[in-house]
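K.L.:
Given chain A's structure and the hints, the job is docking chain B onto it.
Number of protein chains: 2
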Amino acid sequence: MIDRLNQRIRELDAPVVVGLDPMLKYVPEPIQKQAFAEQGETLEGAAEAIWQFNKGIVDAICDLVPAVKPQVAMYEQFGVPGMAAYQKTIGYCKQKGLVVIGDVKRGDIGSTSEAYAVGHLGHVQVGSQSLSAFDEDFATVNPYLGSDGIRPFLEVCQKEKKGIFVLVKTSNPSSGEFQDRLIDGRPLYEWVGEQVARWGQEAMGEGGYSYVGAVVGATYPEMGKVLRKIMPKTCILVPGYGAQGGKAADLAPYFNEDGLGAIVNSSRGIIAAYKQEKYAQFGPEHFGDAARQAALDMIADLKTIR
Amino acid sequence: MIDRLNQRIRELDAPVVVGLDPMLKYVPEPIQKQAFAEQGETLEGAAEAIWQFNKGIVDAICDLVPAVKPQVAMYEQFGVPGMAAYQKTIGYCKQKGLVVIGDVKRGDIGSTSEAYAVGHLGHVQVGSQSLSAFDEDFATVNPYLGSDGIRPFLEVCQKEKKGIFVLVKTSNPSSGEFQDRLIDGRPLYEWVGEQVARWGQEAMGEGGYSYVGAVVGATYPEMGKVLRKIMPKTCILVPGYGAQGGKAADLAPYFNEDGLGAIVNSSRGIIAAYKQEKYAQFGPEHFGDAARQAALDMIADLKTIR
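Sequences listed follow chains A and B, in order.
Each step along the first sequence adds one to the number in our numbering, with nothing skipped, and position 288 is 288.
Each step along the second sequence adds one to the number in our numbering, with nothing skipped, and position 67 is 67.
Pulled out of the complex, with its shape left as it was, chain A reads as follows (with noise of 0.2 angstroms):
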């Protein structure tokens, strides 16, 4: 998956992931109406509005970039049928042509860091079937327990091709408090990122990377110039572009030389983007072709560093 993924950003020279991350703010009212009138007001009638909020942003975006980042909180909130929506969103997207990463930063060790890779990349065994549940391309995972949580992760990666990320170095000003401090002269996120180097060699791609990807904010393109180093086989999921407050000029250093080995997320900046003032001529009724505008915007901010 990593290679399909490497592939589709050259294709369409975009190295770019849209993130869904339907805030029912983020949806339009006549969306939420319509939802509400069909279902009520509702847990079912919120995964309504933010499925067919998703639905109008994937069919404007789905040709323009290799990736979307569904964050599961924003679904999770709504109980089971707000997972139902986030299933629904899978399968959409990935009929759309589009690579799905599951943001779920789950982490956990053994058989229950195992029941989650199966759960979101595998298949898990059902009596005689062997069946698929979310059925992500990617997931994000977070390091705290160390390699008894990885290991399961890689095991499912490597029998069905699929890859995860491991946070490293999140984007939010507080990622430091922990992340920044100093063992052995060097940061903590250094010691993860040389750990997701060695997990990431145990499953390489063909085309030179791994299918173990790391986190590393935007905002923070002094310490991703250090990971870059030392993960260069490693892809590289970049929040914090845009809303956050990183700029293009800060990501050069996430990339290599091929113009590989990163992927930058824009998550209410695009889906949102008819809330801006420099989108706002569209009007919420076309919030789609506003997020396809900002698409279209960061995919060429994104060329003049590249």
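It is worth saying that the hints were derived from the structure and are not from the lab.
Where is the CB? At the ideal position from N, CA and C, for every residue including glycine.
Any given hint might turn out to be false.
Claimed, not checked - PhoX-like cross-link-like pairs, simulated, lysine-lysine; straight-line CA separation at most 25 angstroms: (1) B:K161 x B:K88; (2) B:K25 x A:K88; (3) B:K229 x B:K275; (4) B:K159 x A:K25; (5) A:K247 x A:K275; (6) B:K25 x B:K275; (7) B:K159 x B:K94; (8) A:K25 x A:K88; (9) B:K25 x A:K159.
Unchecked claim - Just a few of them, taken from the derived set where beta-carbon distance is under 7 angstroms, the chain A residues facing chain B: (10) A73; (11) D180; (12) R181; (13) T304.
Stated by the list, open to error - One-sided and incomplete, this derived list gives chain B residues near chain A with beta-carbon spacing under 8 angstroms: (14) L43; (15) E76; (16) Q293.
P.N.:
Relative to the frame of chain A, chain B by itself:
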């Protein structure tokens, strides 16, 4: 909710939580067969099997222990039907008077963390309605992203009188890979423990304990001793007893002098007791009775050290 948890621990004289981690292989054949006959060898069939199994366990132990800890991964692996079984299990346990600790180990930032918090512990706004989704009493949370990930949970906890358990030192063999690394001469888990104590001060219950608990594995008693001192007002959730190798004698340092301050988890040691030689006489058809006896034995075992 921390006050209610402590009250139930006192009433039952049992600082015990039963982990509801229903792997299909723990579910006796006849229950699996019945579920598959009704719903096929499908995700729905698997979800029905684990729900029926859980019901049997909960009925057998609900008057003995204060709390249960469903491990969401074991449900999530069966997709949307699995999540429905998770929700049904939570509702049933609460109806039976049990405190429910959702072992979800979620961890993200800002609005995403908030979505997890409202989805698992609070209420989500849908139009004019304020709705609850999974509605556990406690949730486990990963600290790797720092305060940005924890604060949204604190806000929901304060509002809803619910709680979290933050991963500090996990019970698995590789937990030391990052958690034990020395920062200014002290291991990372101590720094996380100090932060847990600080976060906890912002959300104190009435009985001297905080809504913010910590996870510290039974398999590292020396570290448990240190962490007990660093976090005097923190309830420690202790995994790793029994099947993972932790013994009662090792657990004394996790408790405060008031006999509170820790709650010890056992999962397969109780729910799959019928598979152990010690409880084999019950037979798979009486898996609930075997679980009850195992819970009684664990409670007696822990009395030797308190």
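K.L.:
Confirm or reject each hint.
P.N.:
The hints, checked one at a time:
A distance of roughly 22 angstroms separates the Cα atoms of B:K161 and B:K88; the hinted pair therefore holds under the 25 angstroms criterion. For a cut-off of 25 angstroms, the pair hint linking B:K25 to A:K88 is broken: about 29 angstroms separates their Cα positions. Straight-line distance between C-alpha atoms of B:K229 and B:K275 comes to about 38 angstroms, which puts the hinted pair past the 25 angstroms bound. Annotation: proposed proximity of B:K159 to A:K25 holds, straight-line Cα distance about 22 angstroms (limit 25 angstroms).
Between A:K247 and A:K275, the direct Cα distance comes to roughly 20 angstroms. Compliance with the 25 angstroms bound is thereby established for this hinted pair. Restraint check for B:K25 and B:K275: satisfied, since their Cα atoms lie roughly 10 angstroms apart, inside the 25 angstroms limit. Between B:K159 and B:K94 the alpha-carbon distance is near 19 angstroms, which keeps this suggested pair within the 25 angstroms criterion. The hinted pair formed by A:K25 and A:K88 meets the criterion: a straight-line CA distance of about 20 angstroms does not exceed 25 angstroms.
Among the hinted pairs, B:K25 with A:K159 is consistent with the structure: their alpha-carbon atoms are about 22 angstroms apart, no more than 25 angstroms. Checking A:A73 against chain B by beta carbon gives a least distance of about 4 angstroms; that is within 7 angstroms, so the hint holds. For A:D180, the interface hint is violated, the least distance from its beta-carbon to any beta-carbon of chain B being 9 angstroms, above 7 angstroms. The beta carbon of A:R181 comes within 4 angstroms of a beta carbon in chain B, closer than 7 angstroms, and the hint placing it at the interface holds.
At its closest, the beta carbon of A:T304 sits 28 angstroms from a beta carbon of chain B; the interface hint therefore is violated under the 7 angstroms criterion. With 8 angstroms as the threshold, the beta carbon of B:L43 comes within range of chain A, its nearest partner Cβ sitting at about 6 angstroms, so the hint holds. A least Cβ separation of about 5 angstroms between B:E76 and chain A falls short of the 8 angstroms threshold, and the interface hint therefore holds. Violation of the interface hint for B:Q293 is found here, the shortest Cβ-Cβ separation to chain A being roughly 24 angstroms, above the 8 angstroms cut-off.
The structure does not agree with the numbered hints 2, 3, 11, 13 and 16 stated previously, though it agrees with the rest.
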